[in-house]
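Based on these hints, arrange chain L on the given structure of chain A.
Chains as they are written, first to last, in the numbering used here: chain A, 1 to 103; chain L, 1 to 461.
A few of these clues could be false.
As the list claims (entries may be wrong) - Partial pick of chain L residues on the chain A-facing surface, computed with a CB cut under 8 Å:
| hint | residue |
| --- | --- |
| 1 | ALA46 |
| 2 | PRO138 |
| 3 | SER243 |
| 4 | PRO258 |
| 5 | PHE259 |
| 6 | THR304 |
| 7 | ALA305 |
| 8 | TYR307 |
| 9 | GLN336 |
| 10 | ARG355 |
| 11 | ALA361 |
| 12 | GLU432 |
To be verified - Simulated pairs of lysine-lysine, DSSO-like, Cα-Cα distance not exceeding 30 Å:
| hint | chain 1 | residue 1 | chain 2 | residue 2 |
| --- | --- | --- | --- | --- |
| 13 | L | LYS70 | L | LYS122 |
| 14 | A | LYS48 | L | LYS366 |
| 15 | L | LYS70 | L | LYS126 |
| 16 | A | LYS59 | L | LYS366 |
| 17 | A | LYS14 | L | LYS55 |
| 18 | A | LYS14 | L | LYS91 |
| 19 | L | LYS91 | L | LYS169 |
Stated by the list, open to error - Listed next, the stretches of chain A that the computed footprint assigns to chain L, with coverage defined by at least 3 CB atoms under 8 Å from CB atoms of chain L:
| hint | segment |
| --- | --- |
| 20 | 20-29 |
| 21 | 58-65 |
| 22 | 87-95 |
For the record, the hints were derived by calculation from the structure and aren't laboratory data.
C-beta: ideal position from N, C-alpha, C; glycine also.
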Amino acid sequence: MTTLNDVCRHVRSKNAGPYWVTFDLFFKDEDSFERYQDSKALGPDLFKRLFDADPALVKRFPVPSLRMVKISYPRASAQGGVVERDMHSGQQFVRILDTELDD
Amino acid sequence: MLDAPVKIIVPVGSLGAGVREEEIAYGIAQGATAIATDAGSTDSGAAYLALGISKNNRGSVKRDLTILMKAGAEAGIPLIVGTCGQAGGDKNLDWTRELAIEVAGELGIHPRIAALYSEQDKDELKARNAAGRIRPLPPLGPLDNDTIEACDHIVAAMGAEPYIAALEKGADIVLGGRTTDTAVLASFALMKGAPAGPAWHAAKIAECGGQCTVAPTSGSGVLITIGNDGFEVEPLNEGNRCSPHSVSAHMLYENSDPFRLIEPGGVLDVTDADYQQSDERTVRVSGSRWDTMPYTMKLEGAGTAGYQTVMLIGIQDPEVLGRLDEFHDNMLAVLQERVRSTMGLKDDEFHISLRLYGWNAVSGDKPPEGTPPPREVGILFVATAESQETASQIAKACNPYFFHFPINLDEELPSYGFAFSPADIDRGPVFEFKLNHVVEVDDPCELVRTDWTDLSKVEAA
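Here chain A stands alone, though its shape is the one from the complex:
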C-alpha cells in the first residue's frame, strides 16, 4: 500500500495565525501529484480523526505549478491554550505521513 510519505518529497505543517493550521504536501513528481492530489484518504475525515478538526471547515488547494497540495483546518483550541503541545504546529505533519492513499 502506498503512503503519503512514499509519494512526497517534503511535507510540512505550520500555524497560519492563532486559529488555523496549514499542511503543505509537496509531491515528488508530476505523476504522483496527478494520481494522489485528490485522494479521498487526504480528505476532511483524516483531519477530524487526527486533529479533531471540524470537517466542514477543512480547506484544500491543489497548486499544480508547485506539484503540491495545501490543506488547512481550524485548530480544536487556539494556539497556546491549556493543552498546547506544539505552539507552532510545526511537528504535526508527522502524524499524516503514514496515511495510506487511494488512487
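Using the frame of chain A, we list chain L on its own:
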C-alpha cells in the same frame, strides 16, 4: 503610476533576527529608496501581546536598529518598522521607540520618528460591536462583551494608510504597532503610486526576508523592485539567488490559502501570477491582482486562561518504558484522585496533563501497537488552575506520587529522576488569543493614533 520602479530593502524577516551591514550597503548601492521590515507577529503565541514584552532580547533589537538607522540616515531614506516589539501593543511600541531614541543619541542623528499606535480601548470596541461593526472569522462566533473584558490587550492590525500618512508628513522613521506584515512593506511603494497588485504581492513574498530565496540561511534580506506591471525580487546576499520555485512557494508559507490573502481594504489574488527567472539571481513576477473590498482591520486580543505549575522527571527503568501508555493512564488517574481527596477540588477546577517526552508528548496520541520502547522518557507534569497558588498546591500534592508511582503496585516504590529541587516550578499564567474578528472602519486611520518624536526640534530646544 510610477515614474520609475521603486526599490525597497527588506533587511530581515523580523527586526532583531540579525541584519547584515554588507547586505544593507548592497541594497543602497542598487538604488533602494526605503528600508522596511516587520518586528513581530502572532506566531510565537499570545504572551507577548498579553504582557507587552518583546520576544527578542534588547541587545539584538538594538543592534539591528543601529545598523538600519545609521544606513537610513546616511542614505537619506526612510526606515519603516511594523508590529514593533513582537506584538505591536502600546507597551511593545513604547519599548521600541525608547530604543530608537537611545540609538539616535548614540549615532548623533536627529530623525523625525512617527509612532503609530493601534491598541484599542475596550469600551470603544464594545460600542462598535453593539453597532454591528465587528464580525467573527471562522472558527469563532460573534463577539460578546465578556470576551472583550477577558483580554489584557487588544490591537487592530493596521493597513498601509497610517504609514503613508506618516511618510507624507516627513517621517524619517516610522515605528508601527500591530500591522499586517505585508502592509508595512507595501506602504512606501503604494505612497509612490505603485499599482496595488505588484506592491502587495512583493510585500508578501518579502515578508520573511531571505526565506523566499534558494538558500535562506546564507543571507538575511531581499531587495524588491516594484514597477507598473510587476515586481522583481533578489537576495541582498550577492552569493545567493531566487528561483521561480523559491519565490512562488513563499506564497504558501503560514497562509491558509495559497492564492488569496485578505488585507485591510482588499484581497491580494495571485491565481494568475507568473514567475520568471529574469537574471541569475532575480525573479520577475507579473499578473498579481488586488481587488478592493470594504475596509476592515483584524483584531487580536490576548488574556489569561489560568495558571500553571510544572514538574519534570526522567525515567530509564525498562519495565516502565515497556508499558508506557498503561503507566501514563494509571498515574494520571491516581494524581487526579489525590487532588480531589486532599484539596477538595472538583474536576472542572483543575487540569493535569502528563506529557511523555520521548514517547508521544508532541501529539498526545497513543503510538501504534508494537512501537518499540524508547531508551528513556521525560515526563512533564503540567497542572492548570485558576490561581498560581492553587496550581502550585496541586503540584505539591502530586509530588510524591509523581516521583514514586510504581508500574507494579505490589513492588517496592521506585524513585524517578527529578531534575531540580524544589521539583515544582510555577510557570505563571497561560496566555491565550481570544479574538478572531474584524472591525469595519470608514477611515483606515480612525483607530490609529500617531505620536511624533522630532529629535531635531529636541536638539534645537
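Discussion item. Min Cβ distance, L/PRO258 to chain A: is it shorter than 8 Å?
Written reply: Since chain A brings a Cβ to about 5 Å from L/PRO258, closer than 8 Å, the hint holds.
Discussion item. Holds or violated: A/LYS48 and L/LYS366, Cα atoms, limit 30 Å.
Written reply: 16 Å, holds
Practice prompt. Verify the interface restraint on L/GLN336: the C-beta must sit less than 8 Å from at least one C-beta of chain A.
Written response: 15 Å, violated
Worksheet item: Per the CB criterion, is L/TYR307 less than 8 Å away from chain A?
Response: 10 Å, violated
Item to complete: Using Cβ atoms only, decide whether L/ALA305 comes closer than 8 Å to chain A, and label the hint accordingly.
Response: With a closest approach of 6 Å, the L/ALA305 hint holds.
Discussion item. A closest beta-carbon separation below 8 Å is what the hint needs, so does L/SER243 meet it against chain A?
Written reply: Check failed: Cβ of L/SER243 comes no nearer than 12 Å to chain A, outside 8 Å.
Worksheet item: Within a Cα-Cα threshold of 30 Å, do A/LYS14 and L/LYS55 meet the stated pairing?
Response: Status holds; Cα separation ~19 Å.
Item to complete: Measure nothing beyond the straight line between the CA atoms of A/LYS14 and L/LYS91; if it is 30 Å or shorter, mark the hint as holding.
Response: Given pair A/LYS14, L/LYS91 holds - Cα atoms ~28 Å apart, limit 30 Å.
Worksheet item: Does the interface hint hold: is L/ARG355 within less than 8 Å of chain A, judged Cβ to Cβ?
Response: 6 Å, holds
Fill in: Interface restraint verdict for L/THR304 against chain A (beta-carbon cut-off 8 Å)
Violated: closest Cβ of chain A sits about 11 Å from L/THR304, beyond 8 Å.
Worksheet item: In terms of beta carbon proximity below 8 Å, does the segment 58-65 of chain A have 3 or more residues touching chain L?
Response: holds (count 4)
Worksheet item: For the segment 20-29 of chain A, does the count of residues with a C-beta closer than 8 Å to a C-beta of chain L reach 3?
Response: holds (count 3)
This entry does not satisfy hints 3, 6, 8, 9, 13 and 15, going by the numbered hints stated previously.
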